[in-house]
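Asker: Since chain W is already given, all that's left is putting chain D on it; use the hints.
Take a look at the letters that make up each chain.
2 protein chains.
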Amino acid sequence: MTYCVGLLLKEGIVMLSDTRTNAGLDNISVYKKMYVFENPGERVIVILTAGSLSVTQTTMAKLQEAIDDDDATEETSIMKARTMLDVAEIVGAELARVAEDISEKLSRNSQARGTASVILGGQRRGGAMRLFLIYPEGNHIEATADTPFLQIGEHKYGKPILDRVVSLDTSISDAKKAVLLSMDSTLRSNLSVGMPLDLAIVRYDDCRLSEYRRIENGDPVFAAMSLAWSKALRDGFSQIVVEPPAND
Amino acid sequence: MTYCVGLLLKEGIVMLSDTRTNAGLDNISVYKKMYVFENPGERVIVILTAGSLSVTQTTMAKLQEAIDDDDATEETSIMKARTMLDVAEIVGAELARVAEDISEKLSRNSQARGTASVILGGQRRGGAMRLFLIYPEGNHIEATADTPFLQIGEHKYGKPILDRVVSLDTSISDAKKAVLLSMDSTLRSNLSVGMPLDLAIVRYDDCRLSEYRRIENGDPVFAAMSLAWSKALRDGFSQIVVEPPAND
Numbered sequence: 060m061t062y063c064v065g066l067l068l069k070e071g072i073v074m075l076s077d078t079r080t081n082a083g084l085d086n087i088s089v090y091k092k093m094y095v096f097e098n099p100g101e102r103v104i105v106i107l108t109a110g111s112l113s114v115t116q117t118t119m120a121k122l123q124e125a126i127d128d129d130d131a132t133e134e135t136s137i138m139k140a141r142t143m144l145d146v147a148e149i150v151g152a153e154l155a156r157v158a159e160d161i162s163e164k165l166s167r168n169s170q171a172r173g174t175a176s177v178i179l180g181g182q183r184r185g186g187a188m189r190l191f192l193i194y195p196e197g198n199h200i201e202a203t204a205d206t207p208f209l210q211i212g213e214h215k216y217g218k219p220i221l222d223r224v225v226s227l228d229t230s231i232s233d234a235k236k237a238v239l240l241s242m243d244s245t246l247r248s249n250l251s252v253g254m255p256l257d258l259a260i261v262r263y264d265d266c267r268l269s270e271y272r273r274i275e276n277g278d279p280v281f282a283a284m285s286l287a288w289s290k291a292l293r294d295g296f297s298q299i300v301v302e303p304p305a306n307d
Numbered sequence: 060m061t062y063c064v065g066l067l068l069k070e071g072i073v074m075l076s077d078t079r080t081n082a083g084l085d086n087i088s089v090y091k092k093m094y095v096f097e098n099p100g101e102r103v104i105v106i107l108t109a110g111s112l113s114v115t116q117t118t119m120a121k122l123q124e125a126i127d128d129d130d131a132t133e134e135t136s137i138m139k140a141r142t143m144l145d146v147a148e149i150v151g152a153e154l155a156r157v158a159e160d161i162s163e164k165l166s167r168n169s170q171a172r173g174t175a176s177v178i179l180g181g182q183r184r185g186g187a188m189r190l191f192l193i194y195p196e197g198n199h200i201e202a203t204a205d206t207p208f209l210q211i212g213e214h215k216y217g218k219p220i221l222d223r224v225v226s227l228d229t230s231i232s233d234a235k236k237a238v239l240l241s242m243d244s245t246l247r248s249n250l251s252v253g254m255p256l257d258l259a260i261v262r263y264d265d266c267r268l269s270e271y272r273r274i275e276n277g278d279p280v281f282a283a284m285s286l287a288w289s290k291a292l293r294d295g296f297s298q299i300v301v302e303p304p305a306n307d
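Just so you know, the sequences run in chain order W and D. For the first sequence, the numbering used here begins at 60 and goes up steadily by one. For the second sequence, the numbering used here begins at 60 and goes up steadily by one.
The shape of chain W in the complex, shown without the other chains:
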């Protein structure tokens, strides 16, 4: 499984992913699910992936190949595409193509299909900052002022905190805290989501990776935050009074 989350705020984009990959329950590995494509000051694209590792790795490799191609054009390279919407279209098309190709291979021996979805965020110089969720079929939705966050993978455990504290006006600093606490709840409840974590920040109009952190297992700041949140929840819980109903 996987948990990835992206926030689109007035101040910028905050993206967080875990790194656990499993084939069955007894084959667990660490793979980075965050991919950064960057031409600093001109364009930055961050992609988070969930789903079949074979599909996501192949898709990212193909996107890189298209960027490196001497004949790369606006239509083929996400580093040349005219807009972030065009970037999302290129990634979606590649994702669907690779998934179809791999599913075709798999179908010879099983009914399994390979699919994946991604969160894509970024900005090109002179353009708007945008954040998309791209589905396995290649179509996409976009973060908006009403719903400024997108999630893929095991999204349920970490959603309540986002619902309660994240809005378009949330500061980058609070947003970091929100995605880390959202991940913390997910890590506690689903073993197939695991450390280390990758955290990326892109501030508005920076058009580069403003901040990147790999948060390792046992990271003291993350551990302290996790403990403080547990304590805050328990303190909050103990302070709440449920008035005795009439028949108590």
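Any given hint might turn out to be false.
What the hints assert, rightly or not - Simulated pairs of lysine-lysine, BS3-like, Cα-Cα distance not exceeding 27 angstroms:
id	chain 1	residue 1	chain 2	residue 2
1	W	LYS91	W	LYS164
2	D	LYS91	D	LYS139
3	D	LYS91	D	LYS121
4	D	LYS69	D	LYS121
5	W	LYS139	W	LYS69
6	D	LYS290	W	LYS290
7	D	LYS69	W	LYS290
8	W	LYS139	W	LYS91
9	W	LYS69	D	LYS290
Claimed, not checked - Listing some non-contacts, in silico: residues in chain D with all C-beta distances to chain W over 12 angstroms:
id	residue
10	THR78
11	ASN81
12	GLU148
13	LYS215
Said to hold, decoys possible - Partial selection, computed: residues in chain W whose CB lies under 10 angstroms from chain D:
id	residue
14	MET119
15	ASP228
16	LEU240
17	SER289
18	ALA291
19	ARG293
20	GLN298
In case anyone wonders, no lab produced these hints; they're calculated from the structure. Quick reminder that beta carbons are idealized off the backbone N, C-alpha and C, glycines included.
Answerer: Leaving out everything else, chain D in the frame of chain W:
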């Protein structure tokens, strides 16, 4: 959808269910999902249901019919069964039988299957208090000291709070608060779980329903608790400091 949760504590059993039933997204109704079978002072059994309404209603009707039968025996009536384990076996067998019968009917016109699962808690005089989760196939698991709560239906949103605050030693009063807050998180995130709620408490060795409450939409105590929890979460969130990493 549905959310039902049961807690087995030293002080007793706490069970909570929602009442929303939907056929598709445009056909929503209120149905009670909590069934109480009681011979006060002798035996009390509380059942929470999730899944196909046709399966759960038919199963409960058959269980009642078996109780009312003049020839009811230890093997057929949950009010005569020797132990709570035997009760769970009778309910599991009936649930699987009804599901199979209904799926057989459905299969004539569609690939749909009717299935359901239940949480069953209770105590007979002289016996231990027990809490089971019975799967659609009729097999079951039981709450233990390590994991004193069981959930069916939309269980993910409401699990983090239970993981953090519920143990075997939790008081009935705190347990009520915990299941109501767990439900509150679920109601916020999944529209197919809805008010009113049914809350039942069975204190150890009471062998009767010690407390029952229907909590209606707009219930002032529940609304106040929900607000207080939101505030506690936001206050807790704002007090947590994420130390700036080295590269900030």
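Asker: Is the nearest Cβ of chain W still more than 12 angstroms from the Cβ of GLU148 (chain D)?
Answerer: holds (29 angstroms)
Asker: Using the nearest Cβ pair, does ASP228 (chain W) come within less than 10 angstroms of chain D?
Answerer: Nearest chain D Cβ about 14 angstroms off; hint violated.
Asker: For the pair supplied as a hint, LYS139 (chain W) and LYS91 (chain W), is the alpha-carbon distance within the 27 angstroms limit?
Answerer: holds (25 angstroms)
Asker: Quick check for students: does the CB of THR78 (chain D) sit more than 12 angstroms from each CB in chain W?
Answerer: Its Cβ never comes within 12 angstroms of chain W, the nearest being 18 angstroms, so this holds.
Asker: Holds or violated: LYS91 (chain D) with LYS139 (chain D), Cα cutoff 27 angstroms?
Answerer: Answer holds: LYS91 (chain D) to LYS139 (chain D) is near 25 angstroms, not above 27 angstroms.
Asker: Would the least Cβ to Cβ distance between LYS215 (chain D) and chain W come out above 12 angstroms?
Answerer: At roughly 4 angstroms from the nearest Cβ of chain W, LYS215 (chain D) sits no farther out than 12 angstroms, so the non-interface label is violated.
Asker: Please work out if LYS69 (chain D) and LYS121 (chain D) have their alpha carbons no farther apart than 27 angstroms.
Answerer: With a Cα-Cα distance of about 32 angstroms, the restraint between LYS69 (chain D) and LYS121 (chain D) is violated, given a limit of 27 angstroms.
Asker: Using Cβ atoms only, decide whether GLN298 (chain W) comes closer than 10 angstroms to chain D, and label the hint accordingly.
Answerer: holds (6 angstroms)
Asker: Quickly compare the C-alpha distance for LYS290 (chain D) and LYS290 (chain W) to 27 angstroms and report which way the hint goes.
Answerer: holds (15 angstroms)
Asker: Next item in the hint list is ALA291 (chain W). Is there a CB on chain D closer than 10 angstroms to its CB?
Answerer: Holds, because the Cβ-Cβ distance from ALA291 (chain W) to chain D comes to roughly 3 angstroms (cut-off 10 angstroms).
Asker: Next pair to validate is LYS139 (chain W) with LYS69 (chain W); report whether the Cα-Cα distance is within 27 angstroms.
Answerer: With Cα atoms ~25 angstroms apart, LYS139 (chain W) and LYS69 (chain W) stay inside 27 angstroms; holds.
Asker: Quickly compare the C-alpha distance for LYS91 (chain D) and LYS121 (chain D) to 27 angstroms and report which way the hint goes.
Answerer: holds (17 angstroms)
Checked against the numbered hints listed earlier, the structure breaks hints 4, 13, 14 and 15; every other hint is satisfied.
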